[in-house]
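Undergrad: Chains as they are written, first to last, in UniProt numbering: chain A, 1 to 298; chain B, 1 to 298; chain C, 1 to 298; chain D, 1 to 298.
No lab work stands behind these hints: they were computed from the structure.
Hints may be right or wrong, so weigh each one.
Intra- or inter-copy, both count: the list cannot distinguish identical chains.
Said to hold, decoys possible - Capping the alpha-carbon separation at 30 Å, the derived lysine-lysine pairs in DSBU-like fashion look like this: (1) K111 / K163; (2) K10 / K59; (3) K99 / K228; (4) K206 / K40; (5) K194 / K59.
The chain contents come next:
4 protein chains.
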Amino acid sequence: MNIGIIGLGKMGYNLALNLKDHNHEVTAFDKDLDAVERIKGEGITGVASIEELVQNLPKPRVVWLMVPAGNITEMVIEEASKSLEAGDILIDGGNSNYKDSVRRAEQLAEKGIYFFDCGTSGGTEGARHGVCIMIGGDAEVFKSIEPFFKDIAVENGYLYSGKSGSGHFLKMVHNGIEYGMMQAIAEGFEILDKSQFDYDYEKVAKVWNNGSVIRSWLMELIENAFSKDANLSGLKGVMHSSGEGKWTVETALDLQAAAPVITMSLLMRYRSLEEDTFSGKVVAALRNEFGGHAVEKN
Amino acid sequence: MNIGIIGLGKMGYNLALNLKDHNHEVTAFDKDLDAVERIKGEGITGVASIEELVQNLPKPRVVWLMVPAGNITEMVIEEASKSLEAGDILIDGGNSNYKDSVRRAEQLAEKGIYFFDCGTSGGTEGARHGVCIMIGGDAEVFKSIEPFFKDIAVENGYLYSGKSGSGHFLKMVHNGIEYGMMQAIAEGFEILDKSQFDYDYEKVAKVWNNGSVIRSWLMELIENAFSKDANLSGLKGVMHSSGEGKWTVETALDLQAAAPVITMSLLMRYRSLEEDTFSGKVVAALRNEFGGHAVEKN
Amino acid sequence: MNIGIIGLGKMGYNLALNLKDHNHEVTAFDKDLDAVERIKGEGITGVASIEELVQNLPKPRVVWLMVPAGNITEMVIEEASKSLEAGDILIDGGNSNYKDSVRRAEQLAEKGIYFFDCGTSGGTEGARHGVCIMIGGDAEVFKSIEPFFKDIAVENGYLYSGKSGSGHFLKMVHNGIEYGMMQAIAEGFEILDKSQFDYDYEKVAKVWNNGSVIRSWLMELIENAFSKDANLSGLKGVMHSSGEGKWTVETALDLQAAAPVITMSLLMRYRSLEEDTFSGKVVAALRNEFGGHAVEKN
Amino acid sequence: MNIGIIGLGKMGYNLALNLKDHNHEVTAFDKDLDAVERIKGEGITGVASIEELVQNLPKPRVVWLMVPAGNITEMVIEEASKSLEAGDILIDGGNSNYKDSVRRAEQLAEKGIYFFDCGTSGGTEGARHGVCIMIGGDAEVFKSIEPFFKDIAVENGYLYSGKSGSGHFLKMVHNGIEYGMMQAIAEGFEILDKSQFDYDYEKVAKVWNNGSVIRSWLMELIENAFSKDANLSGLKGVMHSSGEGKWTVETALDLQAAAPVITMSLLMRYRSLEEDTFSGKVVAALRNEFGGHAVEKN
């Protein structure tokens, strides 16, 4: 089957190769023409513009976006929709906010274009050899593109999740759970680290990965990390975040769903960005005021 | 090799069978003599008292306790230590508090008895067919009993974790992480449940178990639970706890380790035990006092 | 001085009387003409439309809005701005979101109208006899309306807080702190309530209000509430919220400020709205799956 | 009336003067004999030993301890109880754990000595000029010492709270609430500090202290702190704690009372003691493993 890929970053590039491995005819574009040249060397058709990509595909066309969420996705969809025609299919495989996806599906539907929002998990390795993917959009039209998902996903690794927005929503919540799981694991190791015992963290992660209740891919990953740096002494504990955890928390607030664990995971990330806090100064000042407790000076 | 098992509850009974499967000579006792009779039917030697169990074993003896933590473990250890002699080995495979294990190891060492604290994970199925086990105690003596652990554990599923107390400490922290992971997963599904979308939770858990970052045994278990009751409509959301989560939180406090996710997991369990709260009434009363906000009457 | 009041709810009505007590000429309008009639009986000029209210005032006019935040404020500002002219002053005394206030100030500035965002605290009693008020807007023009604020506030109870938006922002954060303080007090009484002791909560609140570190107006209010219902047995612990706590949490997230206490106060309010939770069911189901722990049936 | 004071630290010294101001005959002892000499200069009888202090008092004796909680209180009570006789009264005005107070009351009751546990709030200034005090112990005997409490407390600032332990329990919970209130205030100012606005924090605290819902002594104290250091730039935000917050959290756990705000207040204090965290490193390592997200190196 024919498919166009817009965006040849780490994810999109690997996805294109993954599709090609499954005998799909892939046409690829990126504004970085070097990436286009590179992928041509892999036997994939590279083109110089979104318009050319669209023209190169048989109708009804299937175009997959793998570009950064937000403004760039917005601009690329706007441009692609100029060339696309009624009956064509546009798939957003990026980490877009589900509210944007609901809106975009409605806007594109006015032109007869079918929009699918796909949350993709599994990292760059997954993109290359088998992703986990959650797809929202029209149920009937989905069947026509299902073979793509079946091919690029690991076994049982794709799900048509319902109407537009449901795919990105599901991926967002997935990331929220991921924040909570990661923080839970991290707190556990912090307690070990402060304890009276002298644990080998790689071995601890390893035993927990074999038969315990908390065995999980994240535990495997931390086992791997400890195998390379036994006490993570080379790292700073600064925990950045890329937005989906915050969306999950905001969504939970909107839905009045009490999600303290996911929320606290996010707040501890924010806390880790600072060496000192103004709130800490306020509490220290208050203790000094009422109790004469000594403060630490800057 | 010869081993005695005290305690034939779900865990101990399965463990005895597991050991027998690996060609160990098992002598078993439980104060419930029916359980003793039952296990005799499995080809295991059953005895009528702890004293008889000890006398039945060749020196140096290896005795494994699998009885409820707390007072019962205390009493059983006291009784067993009357019959045991210097050079014998006593293994506590239950969920004892690591502080008790540190103390017991010291007390038994005065009599020359070697004590090992073993945290066991994997549930009753694990006890039968392959556990995950973390063992604290004397490093040298451990080697003499290592074959038992190797046999009953899944591959790579046992770890000698260091001095006395370290096994139960590790199991305790494992359970703390488990609380956090479970609450993270639970909050994710709650957000899905309150959303505008209409998800099939079994399918969601299934896709997340195939290729996603959050794939884990707990996610497999919830997939299984959803397969039996699609919306868990038969259950109440009352979350009981059996003590190790609380110990983890208390230990984190003692170590001044900030573990908000594990802590909040525990607090939400306590909250779930109540239909209404006094704190809620206080806030409702305050809102009424200063803002004239309506209160809901009982 | 002359001033127009739009909105004669509990807050606006009392504010109008408060202003009149301080010898200001008040013209008042509400779409509920009964309220207009009622306030005429108090010696205040009542009018039948916003347009009439504006025409009735000498230039430069000062108009104070005291209407519900959101759409109604938006509509009333739109209508008032049709009659107002360059140099006139519009004050929003409601609980508007500060982002709306920033936008409105810019939009009205294009017409030469000065906009002030005023966060008002102190409840209806405060509106009548002395408010606490935080005002954002043009620093120079503020001087011309300062006498109003000085008159209606308690001593030292008004603050020009800076550029547009700063008044409503300050009130929003005030409410966030209020959420945290209320929950802290509430948790304290819950611990007392579950304790082995038998406290008289009114007396406890009273002693804490006399000389202790936590003496506060909120503690006085709860003393008062306990004096009327010693154990709050007539109330349900359902904690509603009116939006500003949520805005504070969302703003903290946007600013990457870790505010766990204000955040958890909000989440416990959401939790109190439900008798049972889906997250609780998920955890109960998981415990049953791996440990065979009994679940409570619906 | 006659009273003996053991312990002339900041609190005990001021309390002795406070009692003397109200015409009580005070006999004072401290192991620091310089303090004893100093207080002699204030017209108070100083003695060189606990035994001498006890002998110096008419029967039934009233002895007030104001020494550090824990081992020192334990030792001093032990020594004092050697000299005290049946019918005498021992008051512990320090910050003892309520469980210790329950035990001590029972132990002293065996000798016929009446024990009272008094939680004292209000700081050193309060000790000198008017405390807030909560007293547990025998209800009948309390009447005989009530005049002391009435004299040293602010008006309505003392409460007989019930049986032994109830005084220290109440003080403990008071401190828990204090933690929550302080953190709520601190988070509010942190949000202001990170905002787009430019607030004068002293003025903000001042306006909030005049007519707002959150007016409180703690807000007055922070107003005072800001008046001395407008941005607290001289302070580090390290938040120490002296134990009663931790006891409150532990007690809440024992009572299965969900107290997330008090708990998180404590955890943020612990977090503030560290510049970097092991948990942060674990999360950073995990993000790097699955997403190739850059880590910050040490």
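Undergrad: All hints, please: hold or fail.
TA: Quick rundown of the hints versus the structure:
1. K111 / K163: within (18 Å within a copy, 44 Å between copies)
2. K10 / K59: For K10 and K59, the Cα distance is within 30 Å only inside one copy (28 Å; across copies 63 Å).
3. K99 / K228: Close neither inside one copy (40 Å) nor across copies (32 Å); limit 30 Å.
4. K206 / K40: For K206 and K40, neither the intra-copy (42 Å) nor the inter-copy (36 Å) Cα distance is at most 30 Å.
5. K194 / K59: Close neither inside one copy (62 Å) nor across copies (39 Å); limit 30 Å.
Violated hints, listed in ascending order, are 3, 4, 5; each of the other numbered hints is respected by the structure.
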